[in-house]
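Participant: As a plain string of letters, each chain reads:
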Amino acid sequence: MAQATAASEKESRASRRFEKIQAIVEQYGAAESALIPILQKVQEEYRYLPEEILTFVATALNLPPATVYGVATFYAQFSLEPKGKYIVRVCDGTACHVRKNQTLISTVKEWLGLKEGQSTTEDMRYTLEIVSCIGACALAPAVVINGKVHGQMTPEKVTKALEELEAAEKAEDK
Amino acid sequence: MPDEVTLTIDGKQITVPKGTLVIEAAKKLGIDIPVFCYHTKLEPVGACRQCLVKIEGFPKPQVSCSTQVAEGMVVHVNTPEVKQMWESMLEFLLINHPLDCPVCDRGGECPLQDNTFKYGPPDSRFEHEKRHFEKPVPLSSLVLLDRERCILCFRCVRFQREIADQPDIYVANRGYGDYIDIFPGKPFESNFSGNTIELCPVGALLSSLFRFRARPWEITKTESICPNCGVGCNITIDDRRRRYVVRFLARINDEVNEHWLCDRGRFNSHTINDPDRLVKPLVRKNGELQEATWEEALTVALEGMRAAGSHAGGIGSPARTNEANYLFQKFMRQVIGTNNVDYTFEKRTDGSTGALASAIASVFFNGRISDIAESDAILCLGSDISYDLPLLDLWIKKAVRKLGKNLVFAYPLKAELAKYARPFLSYHYGQEAEFTRELASAVSGTSWQPLAGVRMEDIDLASEVLKSANYVTVMVAKSMIESAENGRDVLKSLQWIADSLKSRNVRVQVMLLVQGANTFGAMDVGLLPGYLPGYKPADKGLTGWEMLEKAGSDISALWIMGQNPARDLFHTEAFTAALQKLDMLVVQDHILTETARYAHVVLPSSTFAETEGTFTNTERRIQRINPAIRRVGNSKADTDIIIEAASLAGADFNYSKVEEILTEISNTVPQYQGVTFDAIGPFGRYLGDLK
Amino acid sequence: MIGELIKGLGVTIKHALTSKRVTIEYPEQKRTLGPRARWRHVLLRHEDGLERCIGCSLCAGACPARCILVEAAENREGARYSPGERYAKVYEINMLRCIFCGYCQDACPVEAIILRPIYEISEYTRDAEIYTKDMLLMPYPNPQTEDLGNTNA
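Protein chains in written order, with our numbering: chain W, 109 to 282; chain X, 156 to 846; chain R, -18 to 134.
Calculated directly from the structure, the hints in this document are not laboratory data.
The model shown is predicted, which means the values in this text are computed figures rather than measured ones.
Be aware that one or more of the hints could be misleading.
In silico lysine-lysine, BS3-like type, Cα no more than 30 Å apart, as pairs [stated by the list, open to error]:
1) LYS193(W) with LYS256(W)
2) LYS574(X) with LYS128(W)
3) LYS341(X) with LYS128(W)
Covered stretches of chain X (chain W as the covering partner; in silico rule of three or more C-beta atoms under 8 Å from a C-beta of chain W) [to be verified]:
4) 323 to 332
5) 337 to 348
Restraint-style ranges between C-beta atoms, simulated for each label pair [unchecked claim]:
6) LYS812(X) with PRO45(R): 31 to 37 Å
7) LYS285(X) with GLU230(W): 29 to 35 Å
8) ALA279(W) with GLY201(X): 53 to 59 Å
9) PRO45(R) with LYS285(X): 33 to 39 Å
10) PRO16(R) with THR448(X): 55 to 61 Å
11) GLU264(X) with PRO263(W): 55 to 61 Å
12) LYS341(X) with PRO90(R): 37 to 43 Å
13) LYS812(X) with ASP87(R): 44 to 50 Å
14) ARG107(R) with ARG286(X): 47 to 53 Å
All C-beta atoms, glycine included, are put in the ideal place defined by N, C-alpha and C.
Here chain W stands alone, though its shape is the one from the complex (with noise of 0.2 Å):
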């Protein structure tokens, strides 16, 4: 019996999901020149691309999933993994890379308590991402903590503007 609900919910949460995904793929018409438009609207929404959504995606679109999975994987943009609430950008580029942005990389690392190979914290709060370069090299080292470019950081910088940010999310959770 607790089974049957169970499954019947998950059921019900599933046929949900993908109403919201019927919805993103109708807005833009079933068109199959929409995949990229629909997979960053599904990325938003989810903060990833899962899997049974690619498929269900080719399915709306008449794509062999193959070839959806080839464009998800394709741009740097999509992740097949789940992410954190926060994204915290580090610039990886010349200038970041001489103006010595290593430091920042280990000092975020050490911060949020990620390990070797670990992107996203396991409260799911935490994603670190070391990207190409986004441009503000007048700024370097940069990084960019929500869509928000900090610019000519250090150690002391960023770790209190993750601070900030902890101390935001936790007058919100109040």
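Dock chains X and R against chain W, hints included.
Facilitator: Chains X and R in isolation, oriented as in the chain W frame:
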């Protein structure tokens, strides 16, 4: 001429059609340019950059595989500069390619190895760690992928996208991180996946059946024909030590299978290598099958068959050679003295066999496979071609997708080809006759009523498509004529369609789609009740279906060559019961099939890989099969078994060579006139236009 | 004439008594072979006991006498014979055909096969001259010096 272009390559002038690629023009002059991504049957992409040449007027080297010729173009290939570029490209490709040639299946027949040997650098200057991947990755149960060896030519992805239109594999990531992948949890299950293994210019895509089985220099190659369906794809049988078959490869024949094979044919070597192959004749003694000598087995078989006389019957096989089937019917008719011979035990409707025979005899079926792509409209009736004759599916996809031809596809179910059809006509199963009559009426402009479940406007659209074409290919499944209710009417309607189209000056070719590799041949050589070789009418006999139906009453002895009715898809129980009612059942096969378990005498025969002979395919092209491996144990070729049985019975079956049987066939069957092994040649001989 | 006969016999007797003997008392006494004498094949192992042979068949390809048969298979979880993916499931040498040219040793990319100075390879039957992998493979652990053919040592 405006459509021709003259250019100079290495000082030699050549005139080629406009739009030709530089590499093709060079090939015509016999100038070798190394390639990896380029393939004649695939669209050029210029992914590997190996085929660089110097073209005057261009500041930089150009890829010859995707540069089209131009008037007055001057190309340099054999210059130190170009050689240097090739060497650099190879060094570049080898940066990440592991040098594990000794354990790689491709080692020995590898284009990368060959080109490196010919043009490559002696050494690498790359000192860092090569790229590593987990390996091998199973893409499906048949295809394995070694990503480290992949040089990213994308031939596999392009084949699946362009030719098979089943893009189950794709390029993941980009740039340096590129690799071939499948969608997670969705294996690479295309019908044609095996071709990607053959296309792969390195050992990245591997066959799980061939992996580690043999090195190329240990392989003997034999030209043969795939026995799995009516297309008759040209194959090479690769064997080791003449003892077992390691793989089948496609043999290029641009009129039948081009460069391709389907997976069903390609990965079907296991029955030949079956460890349970029969090696000795078996005779039932005290209720048990026991090993016996050939003489003993044949004597018992002959006694039983001759005792039954006209109550005996013989069922040959659409997967055996013309020679075997011809001798089989001759043996049954002359030595055993029965008219009950057939090549199948399918149920056929009354009179359909006769109607089909006279249509074949009058060369109504004159279609050619290579003309499918030439015709403007293809009418395909009653066959799920993608499953029944997979290579024709590729021809149709090429015609529709590449050449923009029209397909009218009629089948009760929404088969794979339905999505290419304009229109797709889904008639009701069992109403084939009504449906074809409706279509014929529409084409000829006679009034009609929709009865078979197809919408009137769809049929009208179909008839418009056919009428507006200059050249129409009509493909009809044999089962639609023989098994369907009122199948004779289907044939009549077809003739009506053909005549109406011809009267509108539309060229029409009709193709009979048969499922067996030699169904057409079996009918041609007289393995039909009521017809002698060449469709000469004879005394009536029972069909295979009737023989099994009347087993125990009208039929008391049966000789079955290479068929297994006890494992029929629909009638296993009825057939098994029928087989048990027989006084004498002789089964000639290479393994102990379900049918053979009920036999009184089992005669071990050869598979196609051990046999010499000919097959006649669905377009009536006669093609040769050649023995690749030695006979297993004491098994014998079908022809030898029948010759031996006949001589034991005192009949005059004097053939010392298989070719002598073919000569006799060519003297008896009008369409086979002048056919000899030499006349057939390596690519077969089309018989449809011979009178 | 008799004098000449005696003279000739004298030469014979002189050689019989004074020159060094070339025959030896085999099998009690064994001949010393050159350090690079090529006789019976040995399939070597890595130090950890894994077979060196990867079953690539290059030896069989190089063999002018066509006396080597290799059938390869894949190393699997729990049944690992050699490092890497591939190993030789069947490795047979027909010693009657072998001409001991050592091309197999030359061709081997992993130095798995060597020819050692073990020359006592006569048998009573032809079948016994087909050396299988078990016979060719160096025992593990504790290889006897003799197995490696170090008869000179």
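Participant: Against this structure, judge whether each hint is valid.
Facilitator: To see whether the hints hold, each was checked on the structure:
1. Simply put, LYS193(W) and LYS256(W) have alpha-carbon atoms about 14 Å apart, close enough for the 30 Å limit, and the pair holds.
2. For a cut-off of 30 Å, the pair hint linking LYS574(X) to LYS128(W) stands: about 29 Å separates their Cα positions.
3. The hinted pair formed by LYS341(X) and LYS128(W) meets the criterion: a straight-line CA distance of about 24 Å does not exceed 30 Å.
4. Under the rule that three or more residues need a Cβ within less than 8 Å of chain W, the assignment of the segment 323 to 332 of chain X holds, with 7 such residues.
5. Here's how the segment 337 to 348 of chain X fares: 5 of its residues keep a CB closer than 8 Å to some CB of chain W, so the rule of at least three is met and the hint holds.
6. Against the hinted window of 31 to 37 Å, the Cβ-Cβ separation of LYS812(X) and PRO45(R) comes to about 36 Å, which satisfies the hint.
7. With their beta carbons about 34 Å apart, LYS285(X) and GLU230(W) fall inside the hinted range of 29 to 35 Å.
8. The hinted window of 53 to 59 Å between ALA279(W) and GLY201(X) holds, with their beta carbons roughly 57 Å apart.
9. For PRO45(R) paired with LYS285(X), a C-beta distance near 35 Å keeps the hint of 33 to 39 Å intact.
10. For the pair PRO16(R) and THR448(X), the supplied restraint of 55 to 61 Å holds, since their beta-carbon distance comes to about 59 Å.
11. Look at GLU264(X) against PRO263(W): about 58 Å separates their beta carbons, and that is inside 55 to 61 Å.
12. For LYS341(X) and PRO90(R), the hinted distance range of 37 to 43 Å is satisfied, since their beta carbons lie about 38 Å from each other.
13. For the hinted restraint 44 to 50 Å between LYS812(X) and ASP87(R), the CB-CB distance of approximately 45 Å keeps it satisfied.
14. In this structure the hint that ARG107(R) and ARG286(X) lie 47 to 53 Å apart at CB holds, the actual value being about 51 Å.
In the structure shown, no violation is registered for any of the earlier numbered hints.
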